[in-house]
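Peer 1: For reference, the chains in residue letters:
Protein chains: 4
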Amino acid sequence: MSNPASLREVARVRVIYGDTDQMGMVYYGNYLRYFEIARTEFLRQAGATYRAFSEASGHKLPVVEACVRYRQSARYDDEMALFAAIAKLGGASARFEYEIRRLPDGALLVDGHTLHACIDAAGKVSRIPRSLRDALSATAAPPPPAPAPGR
Amino acid sequence: MSNPASLREVARVRVIYGDTDQMGMVYYGNYLRYFEIARTEFLRQAGATYRAFSEASGHKLPVVEACVRYRQSARYDDEMALFAAIAKLGGASARFEYEIRRLPDGALLVDGHTLHACIDAAGKVSRIPRSLRDALSATAAPPPPAPAPGR
Amino acid sequence: MSNPASLREVARVRVIYGDTDQMGMVYYGNYLRYFEIARTEFLRQAGATYRAFSEASGHKLPVVEACVRYRQSARYDDEMALFAAIAKLGGASARFEYEIRRLPDGALLVDGHTLHACIDAAGKVSRIPRSLRDALSATAAPPPPAPAPGR
Amino acid sequence: MSNPASLREVARVRVIYGDTDQMGMVYYGNYLRYFEIARTEFLRQAGATYRAFSEASGHKLPVVEACVRYRQSARYDDEMALFAAIAKLGGASARFEYEIRRLPDGALLVDGHTLHACIDAAGKVSRIPRSLRDALSATAAPPPPAPAPGR
Numbered sequence: 001m002s003n004p005a006s007l008r009e010v011a012r013v014r015v016i017y018g019d020t021d022q023m024g025m026v027y028y029g030n031y032l033r034y035f036e037i038a039r040t041e042f043l044r045q046a047g048a049t050y051r052a053f054s055e056a057s058g059h060k061l062p063v064v065e066a067c068v069r070y071r072q073s074a075r076y077d078d079e080m081a082l083f084a085a086i087a088k089l090g091g092a093s094a095r096f097e098y099e100i101r102r103l104p105d106g107a108l109l110v111d112g113h114t115l116h117a118c119i120d121a122a123g124k125v126s127r128i129p130r131s132l133r134d135a136l137s138a139t140a141a142p143p144p145p146a147p148a149p150g151r
Numbered sequence: 152m153s154n155p156a157s158l159r160e161v162a163r164v165r166v167i168y169g170d171t172d173q174m175g176m177v178y179y180g181n182y183l184r185y186f187e188i189a190r191t192e193f194l195r196q197a198g199a200t201y202r203a204f205s206e207a208s209g210h211k212l213p214v215v216e217a218c219v220r221y222r223q224s225a226r227y228d229d230e231m232a233l234f235a236a237i238a239k240l241g242g243a244s245a246r247f248e249y250e251i252r253r254l255p256d257g258a259l260l261v262d263g264h265t266l267h268a269c270i271d272a273a274g275k276v277s278r279i280p281r282s283l284r285d286a287l288s289a290t291a292a293p294p295p296p297a298p299a300p301g302r
Numbered sequence: 303m304s305n306p307a308s309l310r311e312v313a314r315v316r317v318i319y320g321d322t323d324q325m326g327m328v329y330y331g332n333y334l335r336y337f338e339i340a341r342t343e344f345l346r347q348a349g350a351t352y353r354a355f356s357e358a359s360g361h362k363l364p365v366v367e368a369c370v371r372y373r374q375s376a377r378y379d380d381e382m383a384l385f386a387a388i389a390k391l392g393g394a395s396a397r398f399e400y401e402i403r404r405l406p407d408g409a410l411l412v413d414g415h416t417l418h419a420c421i422d423a424a425g426k427v428s429r430i431p432r433s434l435r436d437a438l439s440a441t442a443a444p445p446p447p448a449p450a451p452g453r
Numbered sequence: 454m455s456n457p458a459s460l461r462e463v464a465r466v467r468v469i470y471g472d473t474d475q476m477g478m479v480y481y482g483n484y485l486r487y488f489e490i491a492r493t494e495f496l497r498q499a500g501a502t503y504r505a506f507s508e509a510s511g512h513k514l515p516v517v518e519a520c521v522r523y524r525q526s527a528r529y530d531d532e533m534a535l536f537a538a539i540a541k542l543g544g545a546s547a548r549f550e551y552e553i554r555r556l557p558d559g560a561l562l563v564d565g566h567t568l569h570a571c572i573d574a575a576g577k578v579s580r581i582p583r584s585l586r587d588a589l590s591a592t593a594a595p596p597p598p599a600p601a602p603g604r
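Residue numbers (the working numbering), protein chains in the order written: chain C, 1 to 151; chain V, 152 to 302; chain D, 303 to 453; chain B, 454 to 604.
Quick caveat, the hints were computed from the structure, so don't treat them as lab data.
Cβ coordinates follow ideal geometry from the N, Cα and C atoms, glycine included.
Hints are supplied without guarantee of correctness; some may be wrong.
Which stretches of chain B does chain V cover? Using the computed rule of at least three CB atoms under 8 Å from a CB of chain V, they are [stated by the list, open to error]:
id, stretch
1, 467-474
2, 488-498
3, 502-508
Just chain C, same shape as in the assembly (with noise of 0.2 Å):
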């Protein structure tokens, strides 16, 4: 990663029957459903839950693009451990990277970005909101010193 954001474990999920295809492998559509959870549980640990904030401001945040590199397959049963970052937070959009790693060797698995937009309760584009904007900021602060788990 070039990018200055780093990267923080904010989740593990197991992949289930349901996850995978008849290759045996993690449906590729699937891997948008672990970026969801790594970014809900990022703003979540930043203090700021996806659903207080939608419903306290009626802002949302609806995805404009999403890229996803497929590196290795997770496969049945494999726990994987998910990464996420806020690598850019413009005045009305934010812009996601994500690493999804499997456990316990840490192999890169995928990694890509969401491009997401802020619209109010009228569906017009609009500026992120102080709340949030703050405990965003917060997470794209000086990178900890200690590498993260599984990396």
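Given chain C's structure and the hints, the job is docking chains V, D and B onto it.
Peer 2: Same frame as chain C, now just chains V, D and B:
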């Protein structure tokens, strides 16, 4: 089926990778998606789209019970015929029955039912509105003389 | 539950956007994913992971019937406790029962069961191998004296 | 699209509840399911079903990258037209491009691409077999004179 309702073919669906699991068969939970497609198309053919119904009246028909019996496995790229019928129409409830058959041989893959309550816009149990009741009653009328395709 | 089997809490799951539908509740088919998580973790805690079991013996436990009763709705970001039990252990079949409860109040959201056949590597119905039978029988033993969490 | 490949309509799909999330729109990960449907039907219309291809040759085309841009939201019960094209055909890779348009107005909802490697039965990167290459090359031929429906 001992039930007097006549199942009719209402849609065809082809199995994609995203529907299968690592046994190479459709994941067991995904048949409830096919039941929804069958139910929706059944209503559409009865002249009552669920979208128009719920938007116009504010009523909804949430599922209160669903059962599926798995007879044979649908596999990747199989084309399936979805059959549905109204098995019972109560004052504030409706029961749909389903069969899913493989094409072109008509082999029975899955059958089952869903039971629905009618609730109004406030979330209270409510009588099924007359417009929907009339449309559904019409479908429960005498069965067509010819056997349904694929049976 | 009139069943003698004692349900035990085996996993916790938080509802993501990808699990909900436009009624703002978990899509009815997705509870079968939660049942799978519950079943898998139940087996793991019994000392018999399904992955190891199926790889070692070539046997599988495909679902032949699944029923779900929907009591209350799980909503976005709700945390849920998943409970499972072996309700019946036949020669070549097993029946699991499930409850899904909302945290922290323990409200019952969903209950249901799945019935499984045991098949061997050739796809023939087969007796459940002794190693799995022993692990499962142990779990059907006398219930723990203290109430399970969240009930 | 600056790309010379001509997108063609290959399938139509109607949005079900199971595809939506609590914003009332199609969940962002589900568009990768639609991309798969588009890709599969594109191949079928080129005379090369993916199932036959992978069973005959043992080759597969796993996704190594997927990107989606979300322009407008598809909603419950919307009917959508799926468009696909082969944008690039390398020795051991293929790039598909996609557009998803709402019917009947043809509004662009989503576009994106997937990049695929060709691997043989042993999982090694391999040249795309001639039979598939010929079928795909034919589809990249001169565009049809009339505009595709819905554009």
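Peer 1: Taking the hints in turn, state whether each one holds.
Peer 2: Results of checking the hints against the structure:
| no. | hint | in the structure |
| --- | --- | --- |
| 1 | 467-474 | holds (count 4) |
| 2 | 488-498 | holds (count 3) |
| 3 | 502-508 | holds (count 3) |
Of the numbered hints listed earlier, not one is contradicted by the structure.
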